[in-house]
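*Asks:* Those protein sequence lines, which keep their order, are chains C and G. Counting in this note's numbering, the first sequence runs from 1 upward without gaps. Counting in this note's numbering, the second sequence runs from 1001 upward without gaps.
Think of the hints as simulated: they come from the structure by calculation, not from any bench. Do not rely on the hints blindly, as some may be mistaken.
Facing chain G, from chain C, some residues (calculated, C-beta under 7 Å) [claimed, not checked]:
1. Asn66
2. Lys100
3. Arg103
4. Tyr106
5. Gln121
6. Thr124
7. Lys155
8. Val156
Using 25 Å as the maximum straight-line C-alpha spacing, the simulated PhoX-like pairs for lysine-lysine come out as follows [unchecked claim]:
9. Lys1068/G x Lys1112/G
10. Lys59/C x Lys135/C
11. Lys1050/G x Lys1112/G
12. Lys50/C x Lys68/C
13. Lys1155/G x Lys155/C
14. Lys1025/G x Lys1135/G
15. Lys68/C x Lys1100/G
16. Lys1135/G x Lys155/C
17. Lys1068/G x Lys1050/G
18. Lys1025/G x Lys1112/G
19. Lys59/C x Lys1135/G
20. Lys1155/G x Lys25/C
21. Lys100/C x Lys1068/G
22. Lys68/C x Lys1155/G
23. Lys1100/G x Lys1112/G
24. Lys1059/G x Lys50/C
25. Lys1059/G x Lys68/C
26. Lys155/C x Lys1112/G
27. Lys59/C x Lys25/C
28. Lys1098/G x Lys1050/G
29. Lys98/C x Lys50/C
30. Lys100/C x Lys112/C
31. Lys135/C x Lys68/C
32. Lys1112/G x Lys68/C
33. Lys59/C x Lys1025/G
34. Lys1068/G x Lys155/C
35. Lys112/C x Lys1100/G
36. Lys1155/G x Lys50/C
37. Lys155/C x Lys25/C
38. Lys1135/G x Lys50/C
39. Lys98/C x Lys1112/G
40. Lys135/C x Lys50/C
Since we're looking at a predicted model, the values are computed, not measured. Backbone N, C-alpha and C fix where the C-beta goes; we use that ideal spot for every residue, glycine too.
Protein chains: 2
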Amino acid sequence: MADSTRGPFARALLQQCLHARLQVKPAEPGSEAEWVEIQRGLIIYVCFFKGASEEIIPKMVNTLVNVKLSETESGEYVSVLDLPGSILVIPQATLGGKLKGRRMQYHSNIEKEIGMELYSQFVTQCERELTANTKCAEAGVALKHGTYGNRQVLKVDTNGPFSHMIEF
Amino acid sequence: MADSTRGPFARALLQQCLHARLQVKPAEPGSEAEWVEIQRGLIIYVCFFKGASEEIIPKMVNTLVNVKLSETESGEYVSVLDLPGSILVIPQATLGGKLKGRRMQYHSNIEKEIGMELYSQFVTQCERELTANTKCAEAGVALKHGTYGNRQVLKVDTNGPFSHMIEF
């Protein structure tokens, strides 16, 4: 967890799913909407704060793919890599909101261009972890991700979201 | 937002939905599972920390039903009461977890019996807000809620979860 003198630089919300389907490109005249989907695994909503830099990404990714929050058939909790499960990464800048009166403000959120770059690195490094893991490769689990700045049209089916928040 | 010297006492995670369906009683031999569902509105995941008391409930409820996070057809953001939208309350003690090594610990979470009582009051007061609101009553929007201590088997359909976390 971040301490108050130097952060947090990022916030991740984790929810377990049996199936999730995310729109990555809205329908346009002449082309249908595009979707990605995963079966059993982990949804990671991610938000970066001002001051975040690429140095935090390896630690974030390492923590999130290794934290033991995925339930096996026998009721034991293991990491998403050990399940093995798929990962759906969703950019979610709204997680950085702070309540002010009856509205949320996003003054602590990172500048959009830097956020986009960090998000891209985060996705790439998550993908690398999944690819490098033998169990995951054999099981054919996938990393899918949303597009930064898009509306995250989403369908989730879960037998318990088991929501956790982790800050970095 | 809570300050570090006296809390937080509660954490709420808000997600917008077009439709959500939550199991409130698992299937048993001789009886099918029971579900509640809402159409367009707000999912409130709620978690209480040690030291929370019923005094925080009115402020929590007042904040959550009035914060302007629900998008109208014209793209304006209004409260769930003004939408008017339905509310699905889901107990989510896991939101109180703190990372320790590769596991989450829940030492800050409230004792189960007190948490159950606060959760029940939270639901009742949310319900009262919806019932007292003329727009909500006319539109026939509903408050539904999960059962404390149960597995929260859930299906969500959203055109953007627009996730926000608010602490009290």
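*Asks:* Hint check: Lys59/C vs Lys135/C, CA-CA at most 25 Å. Holds or violated?
*Replies:* holds, 21 Å
*Asks:* Would the stated hint for Lys100/C survive a check requiring a Cβ distance to chain G of less than 7 Å?
*Replies:* The hint is violated - Lys100/C has no Cβ within 7 Å of chain G, the shortest such distance being about 9 Å.
*Asks:* Between the alpha carbons of Lys1135/G and Lys155/C, is the straight-line distance 25 Å or under?
*Replies:* violated, 28 Å
*Asks:* Please verify that hint: Gln121/C, Cβ, nearest Cβ of chain G, below 7 Å or not.
*Replies:* violated, 21 Å
*Asks:* Holds or violated: Lys1025/G and Lys1135/G, Cα atoms, limit 25 Å.
*Replies:* Roughly 31 Å separates the two Cα atoms, so the pair is violated.
*Asks:* Hey, Lys1025/G versus Lys1112/G, does the alpha-carbon distance stay inside 25 Å?
*Replies:* holds, 19 Å
*Asks:* Tell me if Asn66/C is really an interface residue toward chain G, meaning its C-beta lies closer than 7 Å to one of theirs.
*Replies:* Result: holds, 5 Å to nearest chain G Cβ.
*Asks:* Go through the hint on Lys155/C and say holds or violated, using the shortest Cβ distance to chain G against 7 Å.
*Replies:* holds, 5 Å
*Asks:* So if I understand the rule, the pair passes when the alpha-carbon distance is 25 Å or less; does Lys1155/G with Lys50/C pass?
*Replies:* Not OK: Lys1155/G and Lys50/C at ~34 Å, beyond 25 Å, violated.
*Asks:* Just to be careful, I want the Cα atoms of Lys1112/G and Lys68/C compared with a cutoff of 25 Å; is the pair within it?
*Replies:* holds, 23 Å
*Asks:* Given the proposed pairing of Lys155/C with Lys25/C, does the C-alpha separation stay at or below 25 Å?
*Replies:* Distance of about 15 Å is within 25 Å: holds.
*Asks:* For the pair we were handed, Lys135/C and Lys50/C, check the Cα-Cα distance against 25 Å.
*Replies:* violated, 36 Å
Violation of the numbered hints given earlier is confined to hints 2, 4, 5, 6, 9, 12, 14, 16, 17, 19, 24, 25, 26, 27, 33, 35, 36, 38, 39, 40; the remaining hints are satisfied by the structure.
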